[in-house]
Amino acid sequence: MNKDTYTIKFGANKFVAPKGELLLFSLMENDIYSQGKAHGRSRGGFCGMGVCQECLVELEDGTTALACQTLVEENMEIRDE
Amino acid sequence: MNKDYDVVIIGAGFAGIKAALTLEKYNLSICVIDEGVLPGGQFIRYKKDGKNSSKVPTYNKGLDLVKEFTSSSITYLNKSDLIFINEEKEILVKLLDDSLKMIKPKSIIFATGAREIVQPFKGWDLPGVITTGAMQILLKTSGKTFSDEVVIAGSGILHYAAGATWLEKGGKIKSFYDVNSFSQKFKMLISALVSSDKRADFFAMLPNMMKIQKSAKNGIKVIEARGYKKLESVVLASVDSNGDVIEGSEFEEKTSLLAIGNGLVANLDVATMAGCETKYDENLGGLVLKTNHILQTTQKGIYAAGALTGIGGADKAELEGEICAYSVLLKQNIIDAHVYQELTDKLFEKRKKAISFGKTLSTMQKFNLKEIKNLNENTTICRCENIKMKDITNAIEFGLTSINSIKKKTRAGMGNCQGKTCSELVRAILLSHGHKDFHHIKTRAPLKPTSIDILAGEITFLDGSKV
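For the protein sequence lines, the chains are P and X, in the order given.
Start counting the first sequence at 1; every next residue gets the next number (the working numbering).
Start counting the second sequence at 1001; every next residue gets the next number (the working numbering).
Please keep in mind that the hints were generated in silico from the structure rather than gathered at the bench.
Using N, Cα and C, we set each Cβ at its ideal position, and we do this for glycine too.
There could be a bad hint or two in this list.
Derived CB-CB ranges, DEER-like [claimed, not checked]:
id, chain 1, residue 1, chain 2, residue 2, range
1, P, His39, X, Ala1456, 47 to 55 Å
2, P, Glu74, X, Thr1070, 51 to 59 Å
3, P, Asp80, X, Thr1450, 45 to 53 Å
4, P, Asp4, X, Asp1004, 35 to 43 Å
5, X, Pro1057, P, Lys37, 24 to 32 Å
6, X, Phe1398, P, Glu74, 49 to 57 Å
7, X, Asn1378, P, Lys37, 35 to 43 Å
8, P, His39, X, Ile1459, 29 to 37 Å
9, X, Gly1457, P, Asn13, 32 to 40 Å
10, X, Ile1190, P, Asn13, 16 to 24 Å
11, P, Glu74, X, Thr1401, 52 to 60 Å
In silico DSS-like pairs for lysine-lysine, Cα to Cα no more than 30 Å straight-line [said to hold, decoys possible]:
id, chain 1, residue 1, chain 2, residue 2
12, P, Lys19, X, Lys1055
13, P, Lys3, X, Lys1169
14, P, Lys14, X, Lys1055
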């Protein structure tokens, strides 16, 4: 694997994403349409431009990020709530 | 970075970049605050491999602007959230590294663009339902498609543009539905061709638009999204010439991805927090900022460019960005009225055409108020707080007639997105009941969800000096 590809983990899901990819794209490309939960229901990226806040993910280090406004990073781990 | 700046520009889309580049030639200190990872706004998106090109001339023009901007000495704060702004033009911004900075510029240009609006339907909050804007952004950034079974639907023109990009990237469209009739779209086409600036873009997209048009089904809209945990199917129905659903015409189509869009609304949260007054004009896309003949808002020293003064696309944004730059120069006494007129005469002339195109766009994205009024009572209106249609109508029956009073009573607009997704819907519901509220939903700091640890941190000026 070359260094232009990153390994991403979403819960138990593991996949690779090229450098510079939007996190939301990588998730959706890997069929992860739902990134979180609200009011007991699954939620996922909707607006793609940082407005709706639906793609807010929690990273393993406890910080949060909007998947649509974040580029993938090596060993990114996202909690699957 | 400086302590103070002559001009702060909020937003690095077409309008913001053009304003910055114009001002730079006059040796002013300029700071551009942008929430994007890279400059270009929602329209210009850098592809990850750097191989960016398009058949659309306006897009390529935008790429050139971004290149010029990136190689300039203008201070560019990317991935930065504006947390607070007041009428004294004091700006609090959270930078990429989570530090809080205060900026007090002499002049401000707002170029915060627009967001997409979607007419709600049952299940529109299911994962797999995305806006056509989101689809465009994902396509442009990655350069490839991400599903084999997309259904595209909506009104206006954005879903055509998204569909054309999808085909350009080699994707297949399962079905394409348009609320508007063919004759309404034909009117749009004529308007696009009359506006010379749009003609080249239009012809560049024509082959793929024709492909879509061939299989597009007109006069059909989405009335429900179904699925367990994520989208599994959509229910569609035919509408009559008034846009009302024809009973008995409903049908279901399986899909895991629905891209839907019903037009654009201006992002006014920052501007209204700074005290700029708004007005409502359907022909301009709904709520916009009041501006005078030099695009100054009702706040002295604050100017507005692009979607904030009316929906109209990239050309209008670029023209107004340049005009705003000259208006700043005029008011900071760097150029005189005579020079101002010489520099802006042609720009204002071109702007007329861009506005006329925008008006056609706005006509196609008008809400059907009868349909809004008759929305199923269990339809979600505020996605963040899970507020239903019945909660809103109950509040109206209770006697509330403004977005802000409904917000207080129901919590609609109090969630993470601060009403950006639902406030225009509440405005439309109010209108459908005969109540005209033409104020922006009240915004509170922090404008973007920000952790308390960050808010409790020290505030400094951009050069690191103490406030």
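(message) Hints numbered earlier in the text: which of these fail when held up against the supplied structure?
(response) Checked against the structure, the hints that fail are numbers 1, 2, 3, 5, 7, 10, 14, while the rest are satisfied.
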